[in-house]
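Please put together the full structure from these sequences, using the hints given.
Residue 597, in the working numbering, is where the sequence shown stops; the numbers in between run on with no holes.
Do not take every clue at face value.
[As the list claims (entries may be wrong)] Derived Cβ-Cβ restraints for the label pairs, each shown as a range:
{"id": "1", "residue 1": "Pro-495", "residue 2": "Glu-462", "range": "16 to 24 angstroms"}
{"id": "2", "residue 1": "Arg-416", "residue 2": "Asp-446", "range": "45 to 53 angstroms"}
{"id": "3", "residue 1": "Gly-506", "residue 2": "Pro-419", "range": "39 to 47 angstroms"}
{"id": "4", "residue 1": "Asp-512", "residue 2": "Arg-427", "range": "38 to 46 angstroms"}
{"id": "5", "residue 1": "Arg-461", "residue 2": "Pro-422", "range": "23 to 31 angstroms"}
{"id": "6", "residue 1": "Ser-483", "residue 2": "Arg-427", "range": "29 to 37 angstroms"}
{"id": "7", "residue 1": "Ser-383", "residue 2": "Pro-577", "range": "26 to 34 angstroms"}
{"id": "8", "residue 1": "Arg-543", "residue 2": "Asp-581", "range": "24 to 32 angstroms"}
{"id": "9", "residue 1": "Arg-437", "residue 2": "Arg-559", "range": "15 to 23 angstroms"}
{"id": "10", "residue 1": "Ala-458", "residue 2": "Arg-543", "range": "40 to 48 angstroms"}
{"id": "11", "residue 1": "Asp-509", "residue 2": "Arg-427", "range": "36 to 44 angstroms"}
{"id": "12", "residue 1": "Gln-534", "residue 2": "Asp-455", "range": "33 to 41 angstroms"}
{"id": "13", "residue 1": "Gln-412", "residue 2": "Ala-535", "range": "36 to 44 angstroms"}
Bear in mind the hints are in silico, worked out from the structure with no lab data behind them.
Small disclaimer: the values here were computed from a predicted structure and weren't measured.
All C-beta atoms in this analysis are idealised placements derived from N, C-alpha and C, irrespective of residue type, glycine included.
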Amino acid sequence: MDSQTRAKNPETPAAPVDWSRVDTVLFDMDGTLLDLHFDNRFWGELIPQEYMRCQPDDPECARRRLEDEMQRVRGRLEWYCVDHWTHFTGLDVLALKRELAHHVAIKPHAVEVLDRIAASGRERVLVTNAHPEVYAFKHRLTGIGDHLDRIVSAHDLFCAKEDATFWERLQAVAPHDPARTLLVDDNLHALASARRAGIAQLRGMRYPDERGAPMTSDDRVLLEDLSDLLDGLT
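In structure tokens:
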């Protein structure tokens, strides 16, 4: 953890990973390798704003309808599905994402960590709930996929990471030994699901949004910064 990170959050760094027991590292994308600020701006501001603008007769009713739908599908594959939200809102969701493209950013130390893991001979697998078209959009902007060995979208497995079935199906496309696997993910529900599936080592993220409030958890170790993963990595 560098001096800038310590100034932002003076808490004690997360307990180091036991790298002697890791062959495979599973990484989430949004909020883990990429700054969640883009997604928070998109879903918290732009989508509600545009949806209400398209419902001028009763924008407040439109806002409630959108909030109700978000609550209904949260944690399910529909929540992460471009097609679902395009159909529900009538908006061109991908086109709207492009309007905020300047907010898509790699998190500090992400590339360094990924490259160090590769140099250590371990496999790096992206496991994301993001729609494949959203991954492609963000890869074009950041090149994040160039630092990973496999890319797995929950849409390819037909279930979100919060669902236990995801981890069963993951073995077919990215074989790994759960007892020798590390998952890094800002989604606490996905971490809990992975734990139940036998993933041995888990790390969350204190700051999914680099400009947002810190996450807290009573039962998950949270990284103050991705550079925490470098401790003991050989």
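Hint check results:
The hint said 16 to 24 angstroms for the Cβ distance between Pro-495 and Glu-462, and at roughly 20 angstroms that hint holds. A beta carbon spacing of about 22 angstroms between Arg-416 and Asp-446 contradicts the range 45 to 53 angstroms that was offered as a hint. For the pair Gly-506 and Pro-419, the supplied restraint of 39 to 47 angstroms holds, since their beta-carbon distance comes to about 41 angstroms. In this structure the hint that Asp-512 and Arg-427 lie 38 to 46 angstroms apart at CB holds, the actual value being about 44 angstroms.
For the pair Arg-461 and Pro-422, the beta carbons lie near 24 angstroms from each other, so the given range of 23 to 31 angstroms is met. Range check, Ser-483 to Arg-427: about 50 angstroms between beta-carbon atoms, so the 29 to 37 angstroms window is missed. Restraint check, Ser-383 to Pro-577: a C-beta distance of roughly 30 angstroms satisfies the suggested window 26 to 34 angstroms. Against the hinted window of 24 to 32 angstroms, the Cβ-Cβ separation of Arg-543 and Asp-581 comes to about 26 angstroms, which satisfies the hint.
Checking the proposed 15 to 23 angstroms range against Arg-437 and Arg-559 shows it holds: the Cβ atoms sit about 19 angstroms from each other. Between Ala-458 and Arg-543 the beta carbons are some 42 angstroms apart, a value that agrees with the proposed interval 40 to 48 angstroms. Roughly 42 angstroms separates the CB atoms of Asp-509 and Arg-427, a value that falls within the hinted 36 to 44 angstroms. Checked against the hint of 33 to 41 angstroms, the pair Gln-534 and Asp-455 passes, with Cβ atoms roughly 36 angstroms apart.
Take Gln-412 and Ala-535: their Cβ atoms lie about 40 angstroms apart, and the range 36 to 44 angstroms holds.
Comparing the model with each numbered hint stated earlier shows that hints 2, 6 do not hold.
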